[in-house]
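**Student:** Residues per chain, in single letters:
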Amino acid sequence: MAMTITPAEGKRQPAGGLVDLLKRLLRMRETGLILIILTLFVLMSFASPYFLTWVNMRAMAMAFAVEGIVVVGMTILLISGGIDLSVGSVTALAMVIAGLLFLSGVDPWTASAISIAACTGIGAMMGFFVTRVGLHHFIVSLAVMVIARGACLLGTGGRPLGLFTLPPEFKFIGQGSIGVIPVVILIFLTVVVSFDFMLRRTTMFRKVFYTGSNEKAAAYSGIRTKKVVFLTTTLCSALCGVAGIIYMARFGSAQPTFGIGMELNVIAAAVIGGASLSGGSGTIFGAILGTILLSVVSSSLALLDVSVYWQDIIRGSILLAAVSIDHYLNKRRG
Amino acid sequence: MEDDLILRIANLSKSFGPIRALRGVDFELRKGEIHAIAGENGAGKSTLMNVIDGILQPDSGEIFIDGRPVTIASPAVAQNLGIGFVHQEIALCPDVTIAENIFMAATNTSRSMLMDYAGLERKAGEVLRRLGDIDPSALVRTLSISQQQLVEIAKALTLDCRVLILDEPTAALTEREAQILFDIMHKLAQQGISIIYISHRMAEIFDHCDRVSVFRDGQYITTRNVAETTPGEIVNAMVGRVIDNLYPDKQSDEEKSEEIILDVRSLTERGRFTDISFQLRKGEILGLAGLIGAGRSEIVKGICRLGGEVTGEVSLRGRQLELTHYKDSIAEGIVYLSEDRKGDGLFLDMSIASNVSALSVRQVASFLGIIDDRKEVALAERLGSKLNLKCGHVGQPASALSGGNQQKVAIAKMLSVNPRVIFLDEPTRGVDVGAKAEIHRILRDLARSGVGIIVISSELPELIGVCDRVLVVREGRISGEVAGEDMTEEKIMYLASVTEERPQAV
Numbered sequence: 001m002a003m004t005i006t007p008a009e010g011k012r013q014p015a016g017g018l019v020d021l022l023k024r025l026l027r028m029r030e031t032g033l034i035l036i037i038l039t040l041f042v043l044m045s046f047a048s049p050y051f052l053t054w055v056n057m058r059a060m061a062m063a064f065a066v067e068g069i070v071v072v073g074m075t076i077l078l079i080s081g082g083i084d085l086s087v088g089s090v091t092a093l094a095m096v097i098a099g100l101l102f103l104s105g106v107d108p109w110t111a112s113a114i115s116i117a118a119c120t121g122i123g124a125m126m127g128f129f130v131t132r133v134g135l136h137h138f139i140v141s142l143a144v145m146v147i148a149r150g151a152c153l154l155g156t157g158g159r160p161l162g163l164f165t166l167p168p169e170f171k172f173i174g175q176g177s178i179g180v181i182p183v184v185i186l187i188f189l190t191v192v193v194s195f196d197f198m199l200r201r202t203t204m205f206r207k208v209f210y211t212g213s214n215e216k217a218a219a220y221s222g223i224r225t226k227k228v229v230f231l232t233t234t235l236c237s238a239l240c241g242v243a244g245i246i247y248m249a250r251f252g253s254a255q256p257t258f259g260i261g262m263e264l265n266v267i268a269a270a271v272i273g274g275a276s277l278s279g280g281s282g283t284i285f286g287a288i289l290g291t292i293l294l295s296v297v298s299s300s301l302a303l304l305d306v307s308v309y310w311q312d313i314i315r316g317s318i319l320l321a322a323v324s325i326d327h328y329l330n331k332r333r334g
Numbered sequence: 001m002e003d004d005l006i007l008r009i010a011n012l013s014k015s016f017g018p019i020r021a022l023r024g025v026d027f028e029l030r031k032g033e034i035h036a037i038a039g040e041n042g043a044g045k046s047t048l049m050n051v052i053d054g055i056l057q058p059d060s061g062e063i064f065i066d067g068r069p070v071t072i073a074s075p076a077v078a079q080n081l082g083i084g085f086v087h088q089e090i091a092l093c094p095d096v097t098i099a100e101n102i103f104m105a106a107t108n109t110s111r112s113m114l115m116d117y118a119g120l121e122r123k124a125g126e127v128l129r130r131l132g133d134i135d136p137s138a139l140v141r142t143l144s145i146s147q148q149q150l151v152e153i154a155k156a157l158t159l160d161c162r163v164l165i166l167d168e169p170t171a172a173l174t175e176r177e178a179q180i181l182f183d184i185m186h187k188l189a190q191q192g193i194s195i196i197y198i199s200h201r202m203a204e205i206f207d208h209c210d211r212v213s214v215f216r217d218g219q220y221i222t223t224r225n226v227a228e229t230t231p232g233e234i235v236n237a238m239v240g241r242v243i244d245n246l247y248p249d250k251q252s253d254e255e256k257s258e259e260i261i262l263d264v265r266s267l268t269e270r271g272r273f274t275d276i277s278f279q280l281r282k283g284e285i286l287g288l289a290g291l292i293g294a295g296r297s298e299i300v301k302g303i304c305r306l307g308g309e310v311t312g313e314v315s316l317r318g319r320q321l322e323l324t325h326y327k328d329s330i331a332e333g334i335v336y337l338s339e340d341r342k343g344d345g346l347f348l349d350m351s352i353a354s355n356v357s358a359l360s361v362r363q364v365a366s367f368l369g370i371i372d373d374r375k376e377v378a379l380a381e382r383l384g385s386k387l388n389l390k391c392g393h394v395g396q397p398a399s400a401l402s403g404g405n406q407q408k409v410a411i412a413k414m415l416s417v418n419p420r421v422i423f424l425d426e427p428t429r430g431v432d433v434g435a436k437a438e439i440h441r442i443l444r445d446l447a448r449s450g451v452g453i454i455v456i457s458s459e460l461p462e463l464i465g466v467c468d469r470v471l472v473v474r475e476g477r478i479s480g481e482v483a484g485e486d487m488t489e490e491k492i493m494y495l496a497s498v499t500e501e502r503p504q505a506v
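So the sequence lines, in the order shown, correspond to chains A and Z.
Per the UniProt record's numbering, the first sequence starts with residue 1, numbered consecutively.
Per the UniProt record's numbering, the second sequence starts with residue 1, numbered consecutively.
Bound-form chain A, shown alone (with noise of 0.2 Å):
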């Protein structure tokens, strides 16, 4: 039976035009992003002649960098319609735990590879509780944020561990450069560049965009959504465990306390790059772009000797401000 477009289809032609529309409105939510950290940098080189600097530059970008590794691991995680509490307990974790068996003579990359581990171990924890007993990713993860943090002073007397000895070949991951090029950037560089690759392009990972999209349609499409959610917060812990690492080589010691708060930060910069709390949506890039101008902003803001105190508030607002214009425009879009 030949069928004519029906009224109710006809008026929803015009759509070609609104697809190119929204596709150029996710172009400004990273455009925009970046407009505005690159206004910073302009409105900051006049402020401070320090800012635009070789080694305020390197500075900032070494303070994102390793974090930036944890943010890719959030990202994913709350794609796929998880979050997690605990990666900033999670990466002291990581450096407490090699630090200690770095102590007791462990060689350090074993220590390390037996750490990272072990992270993932934790996160495959969590995964249990949340997929098998059926707990909320939020609970879980808060639990497992206190108890990681009373392990770490558990088993330092909460004093940090000077790790003094540990050799310069390993301390070149955390200190060294490459040319002019620091070896943590770089490491940030491949991580960031190969998730983001592999979460735009490959099966396995547009899964876990269905899983958090839609989490019954997913199961309805064959797709094994407990299993998903299950690495997907496995790695997150694991490139928390990779992150103390490189914290670990960098500081030359274990830092007990390291990384509270960070969980916020972490949480904040992959919202803002535009990942969705309720799953589904977001990208490494955006995530990135994120965490990096938390980081200027931060970094900015100690040039211009405003106090400790303001920064959180600063930070805060800038988080709500990010997602109060971002639910705007899907309004809008919607």
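Misleading hints may appear alongside valid ones.
DSSO-like cross-link-like pairs, simulated, lysine-lysine; straight-line CA separation at most 30 Å [as the list claims (entries may be wrong)]:
| hint | chain 1 | residue 1 | chain 2 | residue 2 |
| --- | --- | --- | --- | --- |
| 1 | A | Lys226 | Z | Lys327 |
| 2 | Z | Lys375 | Z | Lys327 |
| 3 | Z | Lys327 | Z | Lys342 |
| 4 | A | Lys227 | Z | Lys123 |
| 5 | Z | Lys386 | Z | Lys256 |
| 6 | Z | Lys327 | Z | Lys282 |
| 7 | Z | Lys386 | Z | Lys342 |
| 8 | A | Lys226 | A | Lys216 |
| 9 | Z | Lys282 | Z | Lys491 |
| 10 | A | Lys216 | Z | Lys342 |
| 11 | Z | Lys342 | A | Lys227 |
| 12 | Z | Lys342 | A | Lys226 |
| 13 | Z | Lys31 | Z | Lys123 |
| 14 | Z | Lys375 | Z | Lys342 |
| 15 | Z | Lys375 | A | Lys226 |
| 16 | Z | Lys375 | A | Lys216 |
| 17 | Z | Lys327 | A | Lys216 |
| 18 | Z | Lys187 | Z | Lys123 |
| 19 | A | Lys216 | A | Lys227 |
| 20 | Z | Lys491 | Z | Lys256 |
| 21 | Z | Lys386 | A | Lys216 |
| 22 | Z | Lys31 | Z | Lys250 |
| 23 | Z | Lys327 | A | Lys227 |
| 24 | Z | Lys386 | Z | Lys327 |
| 25 | Z | Lys386 | Z | Lys250 |
Covered by chain A, per the in silico footprint, the following chain Z stretches (three or more residues, Cβ under 8 Å) [to be verified]:
| hint | region |
| --- | --- |
| 26 | 130-141 |
| 27 | 156-166 |
| 28 | 358-366 |
| 29 | 369-375 |
For the record, the hints were derived by calculation from the structure and aren't laboratory data.
For every residue, glycine included, the Cβ atom is placed at its ideal position computed from N, Cα and C.
Since the structure of chain A is provided, determine the placement of chain Z on it from the hints.
**Tutor:** The following block gives chain Z in isolation, referenced to the frame of chain A:
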């Protein structure tokens, strides 16, 4: 004549950006009448109702109540004017009691500091007794969907309204519950309450309404006395053209085949269904009828391992299957189309193309698992054009489409894996008449090409019109089979519910 009208709408328009949802619409509602609103999805019915209920504000036009012009700025204003709206979507708080849900608005405006739970339950009990056997002190989440629908209706009944809007209230109700609702509607109408009744089911409109107004493409088309028109005339007015043949041809005798595609033997899932055995032959469309809750969906979900633990045997083309997960079922080419398109059928915020490839992203990816966008778009476009999908671009989010086109995306998703057997659960729910006919034609074409098809539907005319054979399920067992001339609504209803009184046409 004017005195007779409780509600009059004149030249009302409403746009959403470039989309003109209502264009100079007129509408008149008499006191004590049951007035059906008919129109395809997107015709403007919901927009008009939302304007009447104060949820949306019109761009221009006038609304008169009892002859006086009014501005309905919010649902609260509508309530004060005596307008009650039972939405199609259920909006109840699952974790509080039925009584509290029913009197949520009253509690909100109450000046008393304390909750009078006993009083609420007593008052709720009075209303609920008229609707069926529901305990007002139970928590809403313990209710079935149809019972929740009844609670929504009870909620509106307590509002003391003069105009009651019912938006597809029977979509989730069983025959018996629907009949109770119709009785109540007639009683209310006799008391002088006017009812606006939105439904896709012609039989309901013609059995229970006094007048019917048709809308199309945001425009008011006509109003008729039900006694003076025919379903065919209304359908034609709805679609704006003559639909000569609502259902495609059935399987011809030459096409009949003894070749068995799917053989199900003694399939059982505890508490859901028992000892289900049937065979699906090549080229036929098999229907599964039964009341809501009889176990129709559970059976097909059981076959493709989307449900709980099942025992029994399933063979595909003579080969016994060992399935442990729906993934295995997809790999064998047995796929399921969900009845709840928005809830678990589609990824609404994702693109059409990603929706279509969701069952098997691998096939649009290179061997390393890297998705090839061009392949993905090509797959969606190929299946889209096969199904006559109307969309701007397959990169659009699925949420931008009308119900019928969304359903085509869901069907395209199934076809992406070249299935051998497809189960369609309520394939045309919430789909307009034109798209419905197209979907039926697609199903017939698929059956002709050798795909085994099982359709579940609560609309008996659809089952009878589309299927070659219908199995009837009652309380988790197959209670009978009808085919050919035997396929009548009466026979099917009898088999579906011997305990019920005279069956009511859907």
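**Student:** It remains to establish, for every hint, whether it holds in the given structure.
**Tutor:** Each hint, compared with the structure:
Annotation: proposed proximity of Lys226/A to Lys327/Z holds, straight-line Cα distance about 13 Å (limit 30 Å). Restraint check: the Cα-Cα separation between Lys375/Z and Lys327/Z comes to about 22 Å, which is no more than 30 Å; the hinted pair holds. For the given pair, Lys327/Z sits about 21 Å from Lys342/Z by alpha-carbon distance, which is consistent with the 30 Å threshold. For the hint linking Lys227/A to Lys123/Z, the alpha-carbon distance of about 48 Å lies beyond 30 Å, and the restraint is violated.
Of the pairs offered as hints, the one joining Lys386/Z and Lys256/Z holds, with about 25 Å between alpha carbons and a cut-off of 30 Å not exceeded. Taken as a hint, the Lys327/Z and Lys282/Z pair is honoured in the structure, with Cα atoms around 24 Å apart against an allowance of 30 Å. Taking the CA atoms of Lys386/Z and Lys342/Z, the gap is near 23 Å; set against the 30 Å cutoff, the hint holds. Only pairs whose Cα atoms come within 30 Å are accepted, and Lys226/A paired with Lys216/A is accepted, the gap being roughly 11 Å.
A threshold of 30 Å between alpha carbons decides the hint, and for Lys282/Z with Lys491/Z the separation of about 25 Å falls inside it, so the pair holds. Taken as a hint, the Lys216/A and Lys342/Z pair is honoured in the structure, with Cα atoms around 10 Å apart against an allowance of 30 Å. Distance check on the hinted pair: Lys342/Z and Lys227/A sit about 23 Å apart at the alpha-carbon level, within 30 Å; holds. Our distance criterion of 30 Å between C-alpha atoms is met by Lys342/Z and Lys226/A, whose separation comes to about 21 Å.
Of the pairs offered as hints, the one joining Lys31/Z and Lys123/Z holds, with about 27 Å between alpha carbons and a cut-off of 30 Å not exceeded. For the proposed pair Lys375/Z and Lys342/Z, the alpha carbon gap of about 26 Å is at most 30 Å, so the pair holds. The suggested pairing of Lys375/Z with Lys226/A holds, with an alpha-carbon distance near 28 Å, which does not exceed 30 Å. Our distance criterion of 30 Å between C-alpha atoms is met by Lys375/Z and Lys216/A, whose separation comes to about 26 Å.
For the hint linking Lys327/Z to Lys216/A, the alpha-carbon distance of about 14 Å falls within 30 Å, and the restraint holds. Under the criterion of a C-alpha separation no larger than 30 Å, the hint pairing Lys187/Z with Lys123/Z is consistent with the structure, at around 19 Å. For a cut-off of 30 Å, the pair hint linking Lys216/A to Lys227/A stands: about 14 Å separates their Cα positions. For the hint linking Lys491/Z to Lys256/Z, the alpha-carbon distance of about 23 Å falls within 30 Å, and the restraint holds.
Among the hinted pairs, Lys386/Z with Lys216/A is consistent with the structure: their alpha-carbon atoms are about 27 Å apart, no more than 30 Å. For a cut-off of 30 Å, the pair hint linking Lys31/Z to Lys250/Z is broken: about 45 Å separates their Cα positions. The suggested pairing of Lys327/Z with Lys227/A holds, with an alpha-carbon distance near 13 Å, which does not exceed 30 Å. For the proposed pair Lys386/Z and Lys327/Z, the alpha carbon gap of about 25 Å is at most 30 Å, so the pair holds.
Taking the CA atoms of Lys386/Z and Lys250/Z, the gap is about 21 Å. The hint holds against a cut of 30 Å. Restraint check on the region 130-141 of chain Z versus chain A: 0 residues with Cβ-Cβ distances below 8 Å, three needed, restraint violated. Counting residues of the region 156-166 of chain Z whose beta carbon lies closer than 8 Å to any beta carbon of chain A gives 0, which falls below the threshold of three, so the coverage claim is violated. With 5 residues carrying a beta carbon less than 8 Å from a beta carbon of chain A, the region 358-366 of chain Z meets the three-residue requirement, and the given coverage holds.
Residues of the region 369-375 of chain Z with a Cβ under 8 Å from some Cβ of chain A number 3, which satisfies the need for three, so the listed coverage holds.
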